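*Asks:* Residue strings, one per chain:
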Amino acid sequence: MTAIAENQADVRRESRAPRRSFGHWGLVGWVYLVALLLFAILPMIWMVLTSVKGQFSALQYPPQWIPQNPTLEEYRRLLSPNNDVGQEFIGYLLNSIWVSTATTVLGLLVAVPAAYAFSRFRFPGRQFLFYAVLLRNMFPAVVFLMPLFIMMRWFGLVNTQWSLILTYLTFGLPLSIWLLKGFYDNIPVELERAARIDGASRFKAFVLVVMPLSTPGIIATAIYSFILAWNEYVYALTFVNSKSKLTLPVGLERFFTEYATNWPGLMAASFIMSVPVVVLFLVLQKYFVRALTEGAVKT
Amino acid sequence: MTTATYQVDTRAPRPVRRPRRRSVWAEMRHRWADYMYVLPALAVMMAVIAYPIYYTVFLSFFKTPPSLAMDDKIFVGFENYGRILTNDSFWSTTWNTLIWTFFSTFFAYVLGFGAALVINREFIGRGIARGILLIPYVISAVAAAYVWRWIYHSDFGVLGALLTQLGLADGPVVLLDSVDRVLTALIVVNVWKEFPFAMIMMLAGLQTVPDQLHRAARVDGASAWQRFWHITVPHLKGVTLITVLLLMVTNLGSAFTIPWIMTGGGPVGASHIWITQIYEIAFGRIRFGIASAYSVILFIAIMSLGVVYVRALTGGDERRRQE
Amino acid sequence: MTQFPKGIRVLPRLLGSTALTTLFGVGLVASYLHAPHDAAAQAVDPADWTPEYISSIAGTIEVDTAAECSAVVPSDYEGKLTYWYIAPNEASPLLDHEIDAQFWEAFGAAYPNIEVEIQSQDYNQMLNKIRTAAVGNAAPMVARLPILWGVEFAAKGQLSEFGPEDVGYSVEEFWPGAMKSVTWRGNTYGVPSNNETMALVWNASIFEEAGLDPERGPDTWEELVQFSNQIKENTGKNGYGLVARTNAGNTPFRFMPQLWAYSAGALDEANDAPTYETIAINSDGGKAALQLSYDMYVRDKSVPVSALTNTQTENRDPFIANQLAMVISHPSEYAAMIDRAARATGQEKEIADRVVANMRYGLIPRGPERRAVVFGGSNLHVFNPDVVDGGEVDMEAAKALVCFWAGPEWSTKISWTNSNPGNLRGFQTSWMKERLEEIKFLDVTTSMLAHGVPFPVIPESPEIMNIIVPEMLQNALTEKMSVAEAADDAAEKIESVISGF
Numbered sequence: 410m411t412a413i414a415e416n417q418a419d420v421r422r423e424s425r426a427p428r429r430s431f432g433h434w435g436l437v438g439w440v441y442l443v444a445l446l447l448f449a450i451l452p453m454i455w456m457v458l459t460s461v462k463g464q465f466s467a468l469q470y471p472p473q474w475i476p477q478n479p480t481l482e483e484y485r486r487l488l489s490p491n492n493d494v495g496q497e498f499i500g501y502l503l504n505s506i507w508v509s510t511a512t513t514v515l516g517l518l519v520a521v522p523a524a525y526a527f528s529r530f531r532f533p534g535r536q537f538l539f540y541a542v543l544l545r546n547m548f549p550a551v552v553f554l555m556p557l558f559i560m561m562r563w564f565g566l567v568n569t570q571w572s573l574i575l576t577y578l579t580f581g582l583p584l585s586i587w588l589l590k591g592f593y594d595n596i597p598v599e600l601e602r603a604a605r606i607d608g609a610s611r612f613k614a615f616v617l618v619v620m621p622l623s624t625p626g627i628i629a630t631a632i633y634s635f636i637l638a639w640n641e642y643v644y645a646l647t648f649v650n651s652k653s654k655l656t657l658p659v660g661l662e663r664f665f666t667e668y669a670t671n672w673p674g675l676m677a678a679s680f681i682m683s684v685p686v687v688v689l690f691l692v693l694q695k696y697f698v699r700a701l702t703e704g705a706v707k708t
Numbered sequence: 298m299t300t301a302t303y304q305v306d307t308r309a310p311r312p313v314r315r316p317r318r319r320s321v322w323a324e325m326r327h328r329w330a331d332y333m334y335v336l337p338a339l340a341v342m343m344a345v346i347a348y349p350i351y352y353t354v355f356l357s358f359f360k361t362p363p364s365l366a367m368d369d370k371i372f373v374g375f376e377n378y379g380r381i382l383t384n385d386s387f388w389s390t391t392w393n394t395l396i397w398t399f400f401s402t403f404f405a406y407v408l409g410f411g412a413a414l415v416i417n418r419e420f421i422g423r424g425i426a427r428g429i430l431l432i433p434y435v436i437s438a439v440a441a442a443y444v445w446r447w448i449y450h451s452d453f454g455v456l457g458a459l460l461t462q463l464g465l466a467d468g469p470v471v472l473l474d475s476v477d478r479v480l481t482a483l484i485v486v487n488v489w490k491e492f493p494f495a496m497i498m499m500l501a502g503l504q505t506v507p508d509q510l511h512r513a514a515r516v517d518g519a520s521a522w523q524r525f526w527h528i529t530v531p532h533l534k535g536v537t538l539i540t541v542l543l544l545m546v547t548n549l550g551s552a553f554t555i556p557w558i559m560t561g562g563g564p565v566g567a568s569h570i571w572i573t574q575i576y577e578i579a580f581g582r583i584r585f586g587i588a589s590a591y592s593v594i595l596f597i598a599i600m601s602l603g604v605v606y607v608r609a610l611t612g613g614d615e616r617r618r619q620e
Numbered sequence: 023m024t025q026f027p028k029g030i031r032v033l034p035r036l037l038g039s040t041a042l043t044t045l046f047g048v049g050l051v052a053s054y055l056h057a058p059h060d061a062a063a064q065a066v067d068p069a070d071w072t073p074e075y076i077s078s079i080a081g082t083i084e085v086d087t088a089a090e091c092s093a094v095v096p097s098d099y100e101g102k103l104t105y106w107y108i109a110p111n112e113a114s115p116l117l118d119h120e121i122d123a124q125f126w127e128a129f130g131a132a133y134p135n136i137e138v139e140i141q142s143q144d145y146n147q148m149l150n151k152i153r154t155a156a157v158g159n160a161a162p163m164v165a166r167l168p169i170l171w172g173v174e175f176a177a178k179g180q181l182s183e184f185g186p187e188d189v190g191y192s193v194e195e196f197w198p199g200a201m202k203s204v205t206w207r208g209n210t211y212g213v214p215s216n217n218e219t220m221a222l223v224w225n226a227s228i229f230e231e232a233g234l235d236p237e238r239g240p241d242t243w244e245e246l247v248q249f250s251n252q253i254k255e256n257t258g259k260n261g262y263g264l265v266a267r268t269n270a271g272n273t274p275f276r277f278m279p280q281l282w283a284y285s286a287g288a289l290d291e292a293n294d295a296p297t298y299e300t301i302a303i304n305s306d307g308g309k310a311a312l313q314l315s316y317d318m319y320v321r322d323k324s325v326p327v328s329a330l331t332n333t334q335t336e337n338r339d340p341f342i343a344n345q346l347a348m349v350i351s352h353p354s355e356y357a358a359m360i361d362r363a364a365r366a367t368g369q370e371k372e373i374a375d376r377v378v379a380n381m382r383y384g385l386i387p388r389g390p391e392r393r394a395v396v397f398g399g400s401n402l403h404v405f406n407p408d409v410v411d412g413g414e415v416d417m418e419a420a421k422a423l424v425c426f427w428a429g430p431e432w433s434t435k436i437s438w439t440n441s442n443p444g445n446l447r448g449f450q451t452s453w454m455k456e457r458l459e460e461i462k463f464l465d466v467t468t469s470m471l472a473h474g475v476p477f478p479v480i481p482e483s484p485e486i487m488n489i490i491v492p493e494m495l496q497n498a499l500t501e502k503m504s505v506a507e508a509a510d511d512a513a514e515k516i517e518s519v520i521s522g523f
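Going down the list, the sequences are from chains A, B and C.
Here the numbering used here is used: the first residue of the first sequence is 410, the next is one more, and so on.
Here the numbering used here is used: the first residue of the second sequence is 298, the next is one more, and so on.
Here the numbering used here is used: the first residue of the third sequence is 23, the next is one more, and so on.
Chain A on its own, in the form it takes in the complex (with noise of 0.2 Å):
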């Protein structure tokens, strides 16, 4: 077994050496390389810049290129727990971290075994459920609000967090579950026989032998789960009420009111906001890569 495995890794290691060439284009890709590169980061910068500035120098047109007196004030602001805008902050970012862990957990829970199944079982109407599955990501999320969040108030969800770890769960399934269908489509079959040859019963060699090879796979799925649920802002804003239930983007927006504006403070919420996500993602990013490739993407 191991053995098998080993050899696969050759494999993959050979087929995805990255090529060295480029030929001519090699300048041409620097270029487009370094351009995009500054696309992507600018805004962020521009960002990080605004949320050191004072309240007011924010506000200079043209604006200070480089902050003049940088003041982290709006982060001490925000991450004290010491006042009431911190405890707030502080508040939405643990309700943003819980719901997102909770949403992730479940929708492996649920999606693992899903997936396996539609790529081992041969069970009648596979076909008919796996588009069924597919087919949640072509509602506009906005068109659901009001008829979900009745359904939410049979089930006495309005205004739990629960309301929003449920219909996360099922933004984050079809691409969860066509994600991980693709990599157990490759994992071979023989490992499983084996293993119920050596008396293992059909879930534990699910358990045993699948589910370790599949990690990259549910790597990826729990991070695109984690990104999905941390991100959404039209469920927070009309599921929940409480504020010491909000999550972060709805958070977010209460800077923005009627009678003031703080364009320091907004863009360090929203910095704040964005680290845990993008440390997770960079980090875990070659996992996700990985999965797709071995996975969905393989042809």
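Hint data in this document are derived by calculation from the structure and do not stem from the laboratory.
The structure displayed is predicted, hence computed values, not measured ones.
Here a beta-carbon is modelled for each residue, glycine too, at the ideal position from N, C-alpha and C.
Some clues are possibly wrong.
Straight-line distance between alpha carbons at most 25 Å, and here's what the computed PhoX-like set of lysine-lysine pairs gives [what the hints assert, rightly or not]:
hint: 1; chain 1: C; residue 1: K515; chain 2: C; residue 2: K502
hint: 2; chain 1: C; residue 1: K323; chain 2: C; residue 2: K259
hint: 3; chain 1: C; residue 1: K102; chain 2: A; residue 2: K652
hint: 4; chain 1: C; residue 1: K371; chain 2: C; residue 2: K259
hint: 5; chain 1: C; residue 1: K502; chain 2: C; residue 2: K323
hint: 6; chain 1: B; residue 1: K370; chain 2: A; residue 2: K695
hint: 7; chain 1: C; residue 1: K254; chain 2: C; residue 2: K323
hint: 8; chain 1: B; residue 1: K370; chain 2: C; residue 2: K515
hint: 9; chain 1: C; residue 1: K462; chain 2: C; residue 2: K371
hint: 10; chain 1: C; residue 1: K515; chain 2: B; residue 2: K360
hint: 11; chain 1: B; residue 1: K370; chain 2: B; residue 2: K360
Examples of chain C residues toward chain B, derived with CB under 10 Å [claimed, not checked]:
hint: 12; residue: T154
hint: 13; residue: N260
hint: 14; residue: V327
hint: 15; residue: A329
hint: 16; residue: N332
hint: 17; residue: E336
hint: 18; residue: A343
hint: 19; residue: N344
hint: 20; residue: V377
hint: 21; residue: V409
hint: 22; residue: P481
hint: 23; residue: P484
hint: 24; residue: V519
Knowing the structure of chain A, use the given hints to seat chains B and C on it.
*Replies:* Chains B and C only, in chain A's frame:
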């Protein structure tokens, strides 16, 4: 090398010990345990889809002016549909939606594919570059919308200041407040947000292109361009189809936050797309009946796209299974 | 807290609020207390409502809220309440937060056995939330809603009939305009909590730079257009802070006064007895008013280009940055600036102090017909038990809260930085006096109350005000339509809206 063996094997999901044919019902009973694996996913999906669809379609046949409680709604048959389709603003919004969807998708794909090609090379700092390129995709649309609104600001925006200082513009650079430029400005933000997704998909696709083919072609004297055109491109057909369709569906149906926070559809509806218009009708004008009818029209549009989408996702798969 | 004999506590309920006077007549405050109702009766006469008059009545009465309210609901009442309102948020001045905390402390002390479950909402988010909640039968028992929102819920039967008399106050204690805003088809559906009118704020140093008299604001709208142009030509800075974003409450607050000044309006809301049936937006006056905005934005280019996507939120930024000379804004603008100045340090402190020192307040310009301003504010509403979470409203607890909130004491304190008490007796309290001394220019904004015109009290109002009116502005300002076409187009849209579809 054992690649080939694996690939053949993986296509046969279960030991092919097919007993005599059973009726569907018997088959379903026999395989009840299989359904247990899928059940949670289906239950969640159905719970969240079935009722809202019913509700939306049902409500689309009713008139619900702001002065009436939901219980007193008035049945009007297809009148809501008629009113929408004969309204000029519907067609201008539709035109905006088409432009928004087409150009967002096109540029997100082209930029993303280009990025994938470049990032697929080996160079120092490749991981960091890839990470930076992924940031726009990862950050929240709300944060992105605020940052870009701040950058574009007609009086204060750093973009205008930059262009003026570089001598590329004099006077204010008007983007969000211009009927002619607002949609383009929003598409740029949307492309910024989405191109990393295309990049990561295409990167994954590129990494599945067998290296042997390239090597063989090089031995035969094929140029980089020829190799790209004759080997890489055909190989990426599948993943391209999927990526483009996923982007299109997102742009049609869920890219709501950016236009809504940045312009609210204005000026004069120049940046209204279907979803922002539906939201405005439902929550700004408080006419759920018309908003529902609008939604049904949107369903139909996305569903037709969805048929293609699902086929693309599962079509190839199906063929393999039948072998 | 003063405990009155039991008999006295029952009295006002028997005799109505006029009896309050006699009740306190025991003490030496008697003569003062007779004043409020006389004053209130006079207060609605715009001729009397001058800054001098406002100062003269401030600090003339004493109020014991706990005692007044315990006459309505006994202070040992045991109950439970859910309450939604727009509480102070991250951007509010510190003082707002403190007063909010003080209120809940005082209410808790007066009614220790009423448990209030509070949900604080965001201004931009609350309307949709409460709509969704009402449709889904998840509404709170009591909510404080901005003045424009309530009628929609009343029309849908989602509010309980509930008025000042239910909490021991007389209708005369509130502005007629405010009472109009809580009335639907002859029934009362709420109690005004606070009323606000805006004023014109200008930056004296830009005026000086432009060669204008720094101490005199424009008196008419035409003069405002002129000033704006002169400022742009002489300083390069923007003159007037026009706003024209759709789906934002700020736009009508700043544009409707212009229409009303020219004897137009969306409907006939500027009349004394409006029917809300005739459309006035495309009258000659309406077109003349729209022409003014066109002149500033298109002809003179003397206003911010970002007007079409701006809310007042973004307009205030250039004002602070010394780039915009005039805005229409709340009394709180000044308080907020002081608050910002207090938080700033070093170089920022200098800028802040300079901006504060140069702020001037004046009446909103008048037109050929009148001087007008939007009569704004908030009302307290009790929801219909059918749409409330749990299907029940604890009416006594609701009364206790509304009595406390809408009384002279707390309606003054809660609106400390940004508004005015809904209860007219609030103007006579010592807290009002303190505010007038502490908040510069408060007398100016407050004296605008007499010119207040409420938005049409029909459920279609939000659509007309937040979508149709801004769209008309945008059509004219982008030159997609001529001024006359834009006004006619808006009239057509309003027609279709009020005709019932």
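*Asks:* Does N260/C pass the interface check with chain B, least Cβ-Cβ distance below 10 Å?
*Replies:* Cβ of N260/C sits 7 Å from chain B, so the hint holds.
*Asks:* Verify the proposed pairing of K102/C with K652/A, using a straight-line Cα cut of 25 Å.
*Replies:* holds (19 Å)
*Asks:* Does the structure keep K515/C and K502/C at a Cα separation of 25 Å or less?
*Replies:* holds (17 Å)
*Asks:* Let me know if the C-beta of A343/C comes in closer than 10 Å to any C-beta of chain B, holds or violated.
*Replies:* holds (8 Å)
*Asks:* If you draw a straight line from the CA of K370/B to the CA of K360/B, is it 25 Å or shorter?
*Replies:* holds (6 Å)
*Asks:* Is the interface hint satisfied for V327/C? The criterion is a beta-carbon contact with chain B at less than 10 Å.
*Replies:* holds (4 Å)
*Asks:* Minimum Cβ distance from N344/C to chain B below 10 Å?
*Replies:* violated (13 Å)
*Asks:* Would the pair K254/C and K323/C pass a check requiring their Cα atoms to be no farther apart than 25 Å?
*Replies:* Given pair K254/C, K323/C holds - Cα atoms ~8 Å apart, limit 25 Å.
*Asks:* Restraint: E336/C near chain B, CB-CB cut 10 Å. Satisfied or not?
*Replies:* This hint holds: E336/C lies near chain B, its Cβ roughly 7 Å from the closest one there, short of 10 Å.
*Asks:* Just to be careful, I want the Cα atoms of K515/C and K360/B compared with a cutoff of 25 Å; is the pair within it?
*Replies:* holds (17 Å)
*Asks:* Please check whether V409/C passes as an interface residue: C-beta within 10 Å of a C-beta belonging to chain B.
*Replies:* holds (9 Å)
*Asks:* Holds or violated: P481/C as interface residue toward chain B, Cβ cutoff 10 Å?
*Replies:* holds (4 Å)
Comparing the model with each numbered hint stated earlier shows that hints 6, 19 and 20 do not hold.
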